[in-house]
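> Let chain A serve as the given structure and place chain B on it in line with the hints.
Below are the chains, spelled out letter by letter.
Number of protein chains: 2
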Amino acid sequence: MELNAQSVEAIVRRVVAQMDSTAQTAGTIPIGISNRHIHLSREDLDTLFGKGYELTPLKDLSQPGQYACKEQCTLVGPSMRAIEGVRILGPLRRQSQVEISVTDSFTLKVKPPVRESGSLEGSAPITIIGPKGIVTLREGCIIANRHIHMTPADAATFGVKDGDYIDVDAFSGSKKTRWFDVQIRVSDKFHLEMHVDTDDANAAGLKNGSVVTVVKP
Amino acid sequence: MELNAQSVEAIVRRVVAQMDSTAQTAGTIPIGISNRHIHLSREDLDTLFGKGYELTPLKDLSQPGQYACKEQCTLVGPSMRAIEGVRILGPLRRQSQVEISVTDSFTLKVKPPVRESGSLEGSAPITIIGPKGIVTLREGCIIANRHIHMTPADAATFGVKDGDYIDVDAFSGSKKTRWFDVQIRVSDKFHLEMHVDTDDANAAGLKNGSVVTVVKP
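Chains as they are written, first to last, in the working numbering: chain A, 13 to 229; chain B, 13 to 229.
Bound conformation, chain A alone (with noise of 0.2 Å):
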C-alpha cells in the first residue's frame, strides 16, 4: 500500500471509526452542543459580504468537513430585537439555512418548526445582517431535532440505520432526562455523536464531551 495523504487520511479514519466502535461498546455517545449558526448559500454569502467573497475557516467541527468561520452575522425578527455574533458554519450549502433554540426564537419572536437540517420547506422567515447587506430569507429558520451522527460500522453495532428513530438517556448532567424520537443519521463520513440544541443541553445540565446512553427497547 502506497502511503500518501489520501491513504494516511484512509487509515486514520478507519482507526477512529475503531476508536468509536468502542465507546459504543461502552453504550454511551459523546453529545456536541449546536449553539445557534447560519449556513450560506453562494449567493447570500455574496449580498452579506460582497461578490465573490470567501469564507475563513477558523475551527474544523467534528463532523468531517465541516467547520466554524471566521465570519459571524446578527439575525433580527419582527421582534426587532437582535441576536448578535451568530457564527457561520461552512462550506457553503445549496440553500440557506439559520438554527436557533425555542429560548432565541422568543427574543426574535420567529415560530420555526423542529427540522432535520436541510428540510426547509414551509421552515420560518428569518433575517440575515452582515457587514455588506442583508438577506431575507422567506424560510429557512429551524430548530434543529435531536439527532445522531454516526457511520454504519455504528450503526451495525447499535442495531440502528439511517432514518431510524430511538430514545436516550441523559444522565450525566445535573437533571436526569430521556430525549425521545432521536433522528439516526449514517454516513462513512460521519463520527458518533448526538447533536443538541443549547436549550436541551441547559436543560439536562449537560456539556460537550458528556454522553448519553441508548434505552433499549
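Any given hint could turn out to be false.
Since the list can't tell identical chains apart, any single copy or any two copies may satisfy a pair.
[Unchecked claim] The calculated lysine to any residue pairs, modelled on SDA-like cross-linking and capped at a C-alpha distance of 20 Å, are:
#1 Lys219 - Phe118
#2 Lys121 - Glu151
#3 Lys121 - Gly185
#4 Lys173 - Arg93
#5 Lys201 - Arg105
#6 Lys228 - Ala80
No lab work stands behind these hints, which were simulated from the structure alone.
Using the frame of chain A, we list chain B on its own:
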C-alpha cells in the same frame, strides 16, 4: 353553617381541590414555567429600594399567597454582563433567593447548584442591582429543581407523599422528553402544578398550560 368570608374561602378551596382531583383522574398535571426571578428579605428590599419600601403586587401566581410584583431588578455576575428586568416575587422571605436558568448562568458566569427553593446553604453568590442600592448575596443563587406542587388530596390520588421523587413524561410539546427525579411538594395551601424553568420548557417545546403525565413505576 354561617357564610362569612372565611367559610366561603374554605368552600371555594374545597371546590377547587375537587376540580384538581378531576384533572388528576385524567392523569395529567399542568405546567407552570418559572422565568428567572428574585425573592427578597426585608433587609435586602430596604437596601435595593429604600428603607421601609413596600412591594407593589402586580399579579397573583398560581400558588395561593404568591404574587409577582411591579418591581424589577438587574442581575450581574463575574462576566460583568447584566440581565435586566428580573421580576421580584412576593411575599418577602427570611433570606433572599435568586432563581435563574443554566442559560442565564452562562450569561452571568455564575455556577448555581440545582436546588429546591429555600435550600440555599453553599449556593452561588450573585449581585442584585436596585434603584436605591446594590446587594451582593454571599449565597442565594440557585437553579430551581423540577418539582410538583399538590394538595394532600392530590397526593393521595397519585399515591405519593411530600418529599417523594417521581418521573414525568412531557409529551405535549414539540420534542418528547421525560424528566426524572421530580420532587413532590405537598401542602393544603398548594395548587396542582409542575414547575419547570425556561430551559426545561423550551427544550421540550412546552408552554404554560401544557401538561405532563406521571410515569408509572
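> Take the hints in turn and mark each one as holding or not.
Right, here's what the structure says about each hint:
1. Lys219 - Phe118: between (23 Å within a copy, 12 Å between copies)
2. Lys121 - Glu151: Classified as within: same-chain Cα gap 15 Å, cross-chain 35 Å, threshold 20 Å.
3. Lys121 - Gly185: between (30 Å within a copy, 18 Å between copies)
4. Lys173 - Arg93: neither (42 Å within a copy, 45 Å between copies)
5. Lys201 - Arg105: For Lys201 and Arg105, the Cα distance is within 20 Å only inside one copy (17 Å; across copies 57 Å).
6. Lys228 - Ala80: neither (35 Å within a copy, 44 Å between copies)
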